[in-house]
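K.L.:
In case you want the letters, here they are:
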Amino acid sequence: MSSLPSTPAKVPFYRNLTALKWALQILALLLVFALLFWLYSNYQENISKSNIQTDLRFLDNPANFTIPGNDFDQSQPVRDAFVQGFLNTIRVSFVGIILATILGTLVGIARLSKNFMVRTLGTVYVELIRNLPLLLLITFMNLGVVLQAFPRIEDAWVPFDLFVVSNRGIAIPWYLGPTGQLVLIIFAAIVIAFVVGKLRIRQADKSGTQDRAWVYGFVVFAIVLIGSWIIFGYSFETPFVEGRGTTGGLRIDPSLFALLASLVIYTSSHIAEIVRGSILAVNRGQGEAADAIALSGSQKMRLIILPQAFRIAMPAIGNQYLNLIKNTSLGATISYFELTQVAQITVGNGSPAVPAFTLTLLVYLGISLTTSLVVNYFNRRLALVER
Amino acid sequence: MITWIRRNLFRSVTDGILTILSSALLFYVIWQALQFVFVTGRWEIIQVNLKILLVGRFPDELIYLLGFSLLALVFGISSLAAGGRGPGKQIKLARTIWEAFQRFGLLIATGALLIALGGDMASLLFGLYVILAVIAGRIFGSIRRKTALSKLPGIVWVLINVLPALSLIFISISQAALEEWGGFLINFYLAIVSIALCFPLGILLALGRRSALPLLRWLSTAYIELIRGAPLFVLLLLAGVALEFFIPASITPDPIFRSVTVFTLFTAAYLAEVIRGGLQSIPKGQAEAGKALGMSATKITVLITLPQALRNVIPAQIGQFISLFKDTTLAGVALSVFELLNVGTAITKQDDYLGQGLVYESLAFVGLLFWVGSYVMSRESQRIEKKLGVGIR
Numbered sequence: 001m002s003s004l005p006s007t008p009a010k011v012p013f014y015r016n017l018t019a020l021k022w023a024l025q026i027l028a029l030l031l032v033f034a035l036l037f038w039l040y041s042n043y044q045e046n047i048s049k050s051n052i053q054t055d056l057r058f059l060d061n062p063a064n065f066t067i068p069g070n071d072f073d074q075s076q077p078v079r080d081a082f083v084q085g086f087l088n089t090i091r092v093s094f095v096g097i098i099l100a101t102i103l104g105t106l107v108g109i110a111r112l113s114k115n116f117m118v119r120t121l122g123t124v125y126v127e128l129i130r131n132l133p134l135l136l137l138i139t140f141m142n143l144g145v146v147l148q149a150f151p152r153i154e155d156a157w158v159p160f161d162l163f164v165v166s167n168r169g170i171a172i173p174w175y176l177g178p179t180g181q182l183v184l185i186i187f188a189a190i191v192i193a194f195v196v197g198k199l200r201i202r203q204a205d206k207s208g209t210q211d212r213a214w215v216y217g218f219v220v221f222a223i224v225l226i227g228s229w230i231i232f233g234y235s236f237e238t239p240f241v242e243g244r245g246t247t248g249g250l251r252i253d254p255s256l257f258a259l260l261a262s263l264v265i266y267t268s269s270h271i272a273e274i275v276r277g278s279i280l281a282v283n284r285g286q287g288e289a290a291d292a293i294a295l296s297g298s299q300k301m302r303l304i305i306l307p308q309a310f311r312i313a314m315p316a317i318g319n320q321y322l323n324l325i326k327n328t329s330l331g332a333t334i335s336y337f338e339l340t341q342v343a344q345i346t347v348g349n350g351s352p353a354v355p356a357f358t359l360t361l362l363v364y365l366g367i368s369l370t371t372s373l374v375v376n377y378f379n380r381r382l383a384l385v386e387r
Numbered sequence: 001m002i003t004w005i006r007r008n009l010f011r012s013v014t015d016g017i018l019t020i021l022s023s024a025l026l027f028y029v030i031w032q033a034l035q036f037v038f039v040t041g042r043w044e045i046i047q048v049n050l051k052i053l054l055v056g057r058f059p060d061e062l063i064y065l066l067g068f069s070l071l072a073l074v075f076g077i078s079s080l081a082a083g084g085r086g087p088g089k090q091i092k093l094a095r096t097i098w099e100a101f102q103r104f105g106l107l108i109a110t111g112a113l114l115i116a117l118g119g120d121m122a123s124l125l126f127g128l129y130v131i132l133a134v135i136a137g138r139i140f141g142s143i144r145r146k147t148a149l150s151k152l153p154g155i156v157w158v159l160i161n162v163l164p165a166l167s168l169i170f171i172s173i174s175q176a177a178l179e180e181w182g183g184f185l186i187n188f189y190l191a192i193v194s195i196a197l198c199f200p201l202g203i204l205l206a207l208g209r210r211s212a213l214p215l216l217r218w219l220s221t222a223y224i225e226l227i228r229g230a231p232l233f234v235l236l237l238l239a240g241v242a243l244e245f246f247i248p249a250s251i252t253p254d255p256i257f258r259s260v261t262v263f264t265l266f267t268a269a270y271l272a273e274v275i276r277g278g279l280q281s282i283p284k285g286q287a288e289a290g291k292a293l294g295m296s297a298t299k300i301t302v303l304i305t306l307p308q309a310l311r312n313v314i315p316a317q318i319g320q321f322i323s324l325f326k327d328t329t330l331a332g333v334a335l336s337v338f339e340l341l342n343v344g345t346a347i348t349k350q351d352d353y354l355g356q357g358l359v360y361e362s363l364a365f366v367g368l369l370f371w372v373g374s375y376v377m378s379r380e381s382q383r384i385e386k387k388l389g390v391g392i393r
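Protein chains in written order, with this note's numbering: chain A, 1 to 387; chain B, 1 to 393.
Keep in mind the hints are simulated off the structure, nothing from the lab.
Keep in mind that the hints are not guaranteed to be accurate.
Here's a subset of chain A near chain B, in silico, CB distances under 7 Å, partners left out [to be verified]:
1) GLN44
2) VAL118
3) VAL145
4) GLN148
5) HIS270
6) SER335
7) THR340
Within a straight-line C-alpha distance of at most 27 Å, the following computed BS3-like cross-link-like pairs (lysine-lysine) qualify [to be verified]:
8) B:LYS51 / B:LYS349
9) A:LYS300 / A:LYS10
10) B:LYS387 / B:LYS284
11) A:LYS114 / A:LYS198
12) A:LYS21 / B:LYS284
13) B:LYS299 / A:LYS114
14) A:LYS300 / A:LYS206
15) B:LYS151 / B:LYS284
16) A:LYS10 / A:LYS21
17) B:LYS146 / A:LYS21
18) B:LYS387 / B:LYS151
19) A:LYS10 / B:LYS291
20) B:LYS146 / B:LYS387
21) B:LYS299 / A:LYS21
22) B:LYS284 / B:LYS299
Ideal Cβ placement from N, Cα and C applies to all residues, glycine included.
Based on the provided sequences and hints, a complete structural model is requested.
P.N.:
Next comes the structure, spelled out in C-alpha cells:
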C-alpha cells in the first residue's frame, strides 16, 4: 500500500478554511461599508451645499390641507395627517384583502368548473386582468368609470332606494350608533361563535355525528348580533340625495371606490390563479377517495379539496396580500388620501422631502412585516405536521 | 354534439341556470366591446397621436434608426430560434403554420392593427420588411445547422445575431437624447435595461442569502426583505427627490436615470428570491458530486448549481420581467417620464379632444398594447416551462 501524502503539521493561514471564510466575510462587510460610506459622504457634501432640513421636526408644523370625508382640520400638525393617511391605508387594505380573497377564490373555482361557459368566463376574466398594468386599471376606474360613466348627482342611480350612485361617490345604508360599541359586539359575537363551534366539534367527536361546526357558529354569530342589535336599539339609515350631495348612510368617496375596485379586481385575478393551481396540486387520490365514499360534489370540494388546497396556497396568497397593501400607495395617483398621498401633499406644502418619504417607506415596511408575521403564523398553523 | 352540450352546459338544473347567466354576461360584454370598437369608438384620437403613443417625441428624421433596430432585433431573434442545436424535426407544413398562428397570431394582428391605424404606404412597407426580416432570420438560422457554421461556439453565434441590433440601438441612443424617447418605446427601454442591470445583483444576492457565511447571509437577507417591504411607487417618489443627494454632484440625474436605478435595485430583490427558489430546487447530490470530483466551492456554484438553477426558473424570471414591464407605467406618474400610459391620458387633454370623454378610446389602446405584450410573453414562458418539463414530475 502506498503511503498517503503526509499532511503538514500546521496549515498555513491562507489555506485555513476558517480563516479564509472570515477573511471573505470581512472583505464583503468592508465593501458594503465602503459603499455606504461613499453614499453617506456624497449625502453630507450635497446636503451642506443645498442646506435643507433632514430631521423630523416638520411633523409638528400645521398641515395646511384638509382630508375629504374626514373632520381633519387645517391647523392640526402634519403628524395627525400622517396618522389619518395610515388609517386610510389600513382601511383600504383590510377591505380589499377580504373582497379580493372571496372574489379570487370564486373565480379560481370557476376556472376548474365542469361547466364550459363558467370555465370560459373565469378564463377570460383572469387572462384579461392579469396582463394589464394595475395603474391602467386604476386610471380607467377613476377617469372612465367613476368620473364619466357614473351619473351626475342630479340624476343619480338609486337602486332599490338603498344606494345612491353618482360621480360624487357611492352612498350605502349604514347603521346608526357608536362605532366602538358595534366593533366590540362583533368581536364578542365572533368569540362566542368560535367557542360554540369548538364545543360542538368536541361533542360531535364523542357521539360520532357530523359536527357542522360552521353552521352552528354562524347561527350563534347571527343570533348574538341581531339580539344585541335589538337590545341596544340600533337602526339603519338609508342615504338620499339632498341638494348637491347625499345625506345619511355611509358615503364612499369616488377615489376610494375606484382604488378599492381596481385593487380587488387586479388582486383577485392573481389569487384566482393561485387557488386554481393549488386545487390542481391537491393529490388526485384525495378527490378519488371522496368519490369512493360517495361524497357529493360540493362536499368533496368543501371538506376534502379546499382545506388542503388552502394549505398549499397560503404562502402565495400571503404574498398577494402584501402586494395589495403595497399597491394601495397607487391611491395617490387618483388623490385618495392614503399615506403616500399625504406625504406627497406635505412635501408639496414645503415639508422636507427626504425625511417625509423615508418615514412613509418605514411605515409601509412596518405594515408589510406585521402582515407577513401574521401570514407566517397561520402558515405554521396550517402546515402539515410531518414526521 | 348533444352529449357535449349536456355534459358541459346542462348537467343539472343549477348548472343550466349558471350556464344561461354566464353566457348572458359573456355575450353582453362581447356585444358591448364590439359595439365600442366598431360603432361608437372615435378612433381618430389614436390615429392622430399614433406616433407620440409609440415613440414619444422621437425626432422624425431619425425614426429610420428605430426601424432598422427593430428589423435587426426581429432578424436576430428568429435566427436564434431557428438555429438552435439539435436535429431539425420534420413537421408537416399545415401544422407548422397552425402552431405559428397560435404563437404569433396575436402579435401579427396587433401589427396589422397598428399598420391600419398608421394608414399610409410607409407603415405597410415597414410591416412587409418585418416579415422579410423574420423569413431572412429563419433562413440564416437554418443555414447554420446545415453548414460549417454549426462548428461555431454558441456564444459567438449569439453575438453574431445580437450585435447588429444592439449596436443599432446604441446608435439610436447616441443620436436622439433619451429625453426625446417616449411612449411604448420607453416602457420597453426601461424594462429591458433594468432587467439586464439587475441580473448580476440578483444572482449575487441569491447566492449571498444561501451562503454558509453568516455575515453575507444577513446582509443579503436584510437588503431583500427591506426592498420587498417597500412599495415601488414610494421608492420612485423618493428617488425623484433624493437620488441627487447620494451620488456625486457631477452627475445630474434625469427622470429616466432615476427610474432605471429604482427599477434595478427593486427588481434585484425579487429576482434574488426567484433565483434562490431555483437554487433550492437543485438536489444536494449535484453539489456533492462536484465535491467528489475535487472541485472548489466557486467552481461548483458557477459550473454546476447556478446554471441548473437559472434554467429551472426561466418561467419565473419571465414572470418577473412581465411584472417589471407592467410596473414601468409607475415611472410616468411618479417621475413624469413620458411613457405610454402617461401619453394615453395626456392626449385626451389636447385642445381638439378635451372634455369629449375619449378616455375609453385612449385607455383601450394603451391597455391593448400592454396586454398583448404581457400575454405573448406569458404564453411563451408557459411553452418554455413545458419544454423544460419543470412543472411535470
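K.L.:
Determine for every hint whether it applies to the structure shown.
P.N.:
Now for the hints, and whether the structure bears them out:
no.	hint	verdict
1	GLN44	violated, 9 Å
2	VAL118	holds, 5 Å
3	VAL145	violated, 10 Å
4	GLN148	holds, 5 Å
5	HIS270	violated, 10 Å
6	SER335	violated, 12 Å
7	THR340	holds, 6 Å
8	B:LYS51 / B:LYS349	holds, 17 Å
9	A:LYS300 / A:LYS10	violated, 68 Å
10	B:LYS387 / B:LYS284	holds, 24 Å
11	A:LYS114 / A:LYS198	violated, 35 Å
12	A:LYS21 / B:LYS284	holds, 21 Å
13	B:LYS299 / A:LYS114	violated, 51 Å
14	A:LYS300 / A:LYS206	holds, 24 Å
15	B:LYS151 / B:LYS284	violated, 34 Å
16	A:LYS10 / A:LYS21	holds, 18 Å
17	B:LYS146 / A:LYS21	violated, 50 Å
18	B:LYS387 / B:LYS151	holds, 25 Å
19	A:LYS10 / B:LYS291	holds, 24 Å
20	B:LYS146 / B:LYS387	holds, 24 Å
21	B:LYS299 / A:LYS21	holds, 16 Å
22	B:LYS284 / B:LYS299	holds, 15 Å
Violated hints, listed in ascending order, are 1, 3, 5, 6, 9, 11, 13, 15 and 17; each of the other numbered hints is respected by the structure.
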